[in-house]
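Protein sequence lines, in the order shown, are assigned to chains A and B. Using our numbering, the first residue of the first sequence is number 1, and each one after it goes up by one. Using our numbering, the first residue of the second sequence is number 287, and each one after it goes up by one.
Worth flagging that the hints you see were computed from the coordinates, not collected in a lab. Keep in mind that this is a model prediction, so the values were computed, not measured. Be a bit skeptical, because a hint or two may be false.
Derived list of chain A stretches under chain B, where covered just means 3 residues or more per stretch with a C-beta under 8 Å from a C-beta of chain B [claimed, not checked]: (1) 116-128; (2) 140-152; (3) 244-252.
One side only, chain A facing chain B, incomplete, derived with CB under 8 Å [as the list claims (entries may be wrong)]: (4) TRP104; (5) PRO106; (6) TRP109; (7) PHE113; (8) GLY165; (9) LEU195; (10) HIS197.
C-beta atoms are modelled at their ideal positions from N, C-alpha and C, and glycine is treated no differently.
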Amino acid sequence: MSDASAVPEADVERRLDAGAVVLEASALSLRAGGSARNRLLFDGLDLRVAAGQRWVVVGPNGAGKSSLLAALAGVFPIAGGSVRIDGVELADWAPSALAERRAWSPQFWSDPFPATVRETAALAHRRDAGWRAVLDRRSDPEVERVLGRLLLADLADSDVQTLSGGERQRVALATALLQDAPLLLLDEPASHLDLAHERLLVELLLAHAEGGGTVVASLHDLDLAWDLASHVVLIDGSGGVCAGAREEVLVADRLAATFGVAIHAIEVQGARRFVVGASRTPHGVR
Amino acid sequence: MSAARGNAVAAASEDAPDEASDDPRQMTSVRAIVLAVVAALLACVVGVLAGSSGFGVASPDIMTSIRVPRVLAGFGAGAALALSGALMQLLTRNALADPYVLGVAGGAAVGALGAMMVGAATGVQLSEWGVAAGAALGAAAASALLFGLLWRRLASTATSSGGDGAAALLLVGVMIGSGCSALVALILTLADEGQLRGMVFWLLGDLNGATHWEIVWIALAVALAVVWPTARELDWLARGDAWAATLGVPVGRRRRVVLLAAALATGAAVATAGAIGFVGLVVPHALRRLGVRAAPLLLPASAIAGGAFVVAVDAVARTIVAPLQVPVGVLAAAIGVPAFIAMLLARPERGR
Numbered sequence: 001m002s003d004a005s006a007v008p009e010a011d012v013e014r015r016l017d018a019g020a021v022v023l024e025a026s027a028l029s030l031r032a033g034g035s036a037r038n039r040l041l042f043d044g045l046d047l048r049v050a051a052g053q054r055w056v057v058v059g060p061n062g063a064g065k066s067s068l069l070a071a072l073a074g075v076f077p078i079a080g081g082s083v084r085i086d087g088v089e090l091a092d093w094a095p096s097a098l099a100e101r102r103a104w105s106p107q108f109w110s111d112p113f114p115a116t117v118r119e120t121a122a123l124a125h126r127r128d129a130g131w132r133a134v135l136d137r138r139s140d141p142e143v144e145r146v147l148g149r150l151l152l153a154d155l156a157d158s159d160v161q162t163l164s165g166g167e168r169q170r171v172a173l174a175t176a177l178l179q180d181a182p183l184l185l186l187d188e189p190a191s192h193l194d195l196a197h198e199r200l201l202v203e204l205l206l207a208h209a210e211g212g213g214t215v216v217a218s219l220h221d222l223d224l225a226w227d228l229a230s231h232v233v234l235i236d237g238s239g240g241v242c243a244g245a246r247e248e249v250l251v252a253d254r255l256a257a258t259f260g261v262a263i264h265a266i267e268v269q270g271a272r273r274f275v276v277g278a279s280r281t282p283h284g285v286r
Numbered sequence: 287m288s289a290a291r292g293n294a295v296a297a298a299s300e301d302a303p304d305e306a307s308d309d310p311r312q313m314t315s316v317r318a319i320v321l322a323v324v325a326a327l328l329a330c331v332v333g334v335l336a337g338s339s340g341f342g343v344a345s346p347d348i349m350t351s352i353r354v355p356r357v358l359a360g361f362g363a364g365a366a367l368a369l370s371g372a373l374m375q376l377l378t379r380n381a382l383a384d385p386y387v388l389g390v391a392g393g394a395a396v397g398a399l400g401a402m403m404v405g406a407a408t409g410v411q412l413s414e415w416g417v418a419a420g421a422a423l424g425a426a427a428a429s430a431l432l433f434g435l436l437w438r439r440l441a442s443t444a445t446s447s448g449g450d451g452a453a454a455l456l457l458v459g460v461m462i463g464s465g466c467s468a469l470v471a472l473i474l475t476l477a478d479e480g481q482l483r484g485m486v487f488w489l490l491g492d493l494n495g496a497t498h499w500e501i502v503w504i505a506l507a508v509a510l511a512v513v514w515p516t517a518r519e520l521d522w523l524a525r526g527d528a529w530a531a532t533l534g535v536p537v538g539r540r541r542r543v544v545l546l547a548a549a550l551a552t553g554a555a556v557a558t559a560g561a562i563g564f565v566g567l568v569v570p571h572a573l574r575r576l577g578v579r580a581a582p583l584l585l586p587a588s589a590i591a592g593g594a595f596v597v598a599v600d601a602v603a604r605t606i607v608a609p610l611q612v613p614v615g616v617l618a619a620a621i622g623v624p625a626f627i628a629m630l631l632a633r634p635e636r637g638r
């Protein structure tokens with residue numbers, strides 16, 4: 001996985017790579033459910049994630065994508081290795097200080113009680129303001145701005161319990177953005193989104209990275225992964241994992257072997273698209 | 287009196303839909319709290335004036351030795367139960383949870399009825415202090431059992447939302463409650479005829495002779511002081527243990543503290559006024575429907591509204607068929623159930 005030389009965006013990547021390393025994993029290994037008795041998800045993962053980069057985690061169901069994101073967030077027990085954010089081991093962070101640096105958005109949310117979209121989006125906003133943040137939430141222009149960017153302004157006063165899956169997904173993204181942390185760890189942020197909102201998600205996350213932020217997100221759609229990612233982590237579901245620039249990891253052969261379906265990669269307007277074939281015969285790119 | 291409160295509630299829910307268009311939750315939640323405070327003051331005034339001897343200012347002696355303490359005891363008990371209910375709902379992520387899912391009230395019932403039975407058997411005339419002490423002891427024993435069984439589970443953080451600890455809490459609490467119900471049934475079976483009436487009244491929730499209001503107020507103040515400063519974290523915990531942990535919430539410690547506060551408030555309320563049902567379940571629920579959702583507002587609002595509700599209902603309970611007194615728990619359900627069903631059916635539309 002070394003021939004990334006012919007990539008048109010190489011210059012851009014080099015500029016972004018100059019950003020400080022915000023997230024590092026060394027020899028990270030995880031077990032299913034975080035329990036030592038369970039099967040190994042993967043072993044020996046090394047990551048160096050710099051500011052401005054977008055890392056996308058792909059892999060089959062149950063491969064450990066969510067576990068990896070939770071482990072990077074510090075809420076999943078690691079079986080071996082270490083995770084550092086801003087150069088500091090996760091265990092050495094004061095939990096509330098860490099919340100300033102990274103936001104984690106889980107795949108599933110529980111909405112046990114009625115709450116408006118605005119209330120839900122602003123849950124983790126202005127954490128140091130305590131109950132005062134709850135009282136004058138209405139007048140917070142930052143909340144309104146994020147709701148507007150996610151096309152949620154019309155829904156701001158709706159009850160989250162009445163939303164469709166895709167609408168709830170956008171609220172989850174709003175909640176994560178309003179935590180005001182530069183490093184976003186997003187577990188399947190594109191699930192339930194329609195085509196237009198998938199594009200909106202990619203644009204927003206690219207803008208977040210351009211503004212000096214960092215994104216690590218798990219995705220199932222390989223085309224979307226290509227458009228968002230600067231780098232990719234591919235977990236194969238049988239104990240293997242590889243990480244690197246998207247051009248090196250999102251390769252048809254490798255993907256076909258991982259997912260067990262035929263995958264063709266084609267070039268459309270400078271972007272790599274992935275066509276899934278019916279046969280199990282893998283085909284190489286170009 | 288309860289009619290006055292009912293009108294206030296109705297007025298607020300009529301306001302809600304057109305508020306939502308240009309000026310949504312902030313105003314409605316502030317308005318709901320103002321309403322609750324006004325209702326509380328009104329309820330207390332009416333509660334002090336209403337008596338089985340007629341409506342109006344009674345002799346100073348009756349006022350200071352019976353009516354004022356009774357209103358204070360009722361308010362404290364209602365406030366503590368509603369606060370505890372709000373805490374348990376947040377902790378278990380379940381809108382159907384109430385103070386009694388803890389099993390603490392069951393323990394209090396066993397203690398109170400046990401004290402009555404022991405008193406009768408030994409021929410000792412028990413003051414209401416004796417029964418309250420028995421209830422407090424029972425509540426403490428049930429709490430100790432609950433915490434003993436759950437201490438380690440409370441700290442467990444499920445990686446996905448849904449949460450291990452919350453489900454375990456519900457199950458263990460319900461089991462303790464069921465065990466206590468069996469013991470209560472046993473005591474009722476063994477008790478002699480003369481004792482039965484007093485026991486049944488206690489179980490229904492009865493403010494008759496409840497003159498010791500200090501303990502429940504202290505418990506209420508302690509519980510509020512312990513949970514309110516970090517109330518916002520309870521809203522985070524309700525969305526998921528792991529997510530709350532990423533925001534810096536010490537999940538295990540927070541859950542234990544909140545559970546302890548809820549157990550304290552419930553135990554003190556039940557020891558003071560018996561097992562008044564309905565308040566703990568419905569008051570937080572009704573407030574949420576009025577737009578009071580965030581825990582920093584919901585917790586104090588629940589306490590105020592719960593106290594007002596019990597005082598108002600009790601004022602009716604002891605005047606409606608005077609000189610007889612209906613147990614406050616019976617009337618609370620009789621008034622609350624239709625009002626609550628009406629509120630459920632009038633579910634507001636989606637805001638677009």
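Verification of the supplied hints:
{"no.": "1", "hint": "116-128", "result": "holds (count 6)"}
{"no.": "2", "hint": "140-152", "result": "violated (count 0)"}
{"no.": "3", "hint": "244-252", "result": "violated (count 0)"}
{"no.": "4", "hint": "TRP104", "result": "4 Å, holds"}
{"no.": "5", "hint": "PRO106", "result": "6 Å, holds"}
{"no.": "6", "hint": "TRP109", "result": "6 Å, holds"}
{"no.": "7", "hint": "PHE113", "result": "6 Å, holds"}
{"no.": "8", "hint": "GLY165", "result": "15 Å, violated"}
{"no.": "9", "hint": "LEU195", "result": "22 Å, violated"}
{"no.": "10", "hint": "HIS197", "result": "17 Å, violated"}
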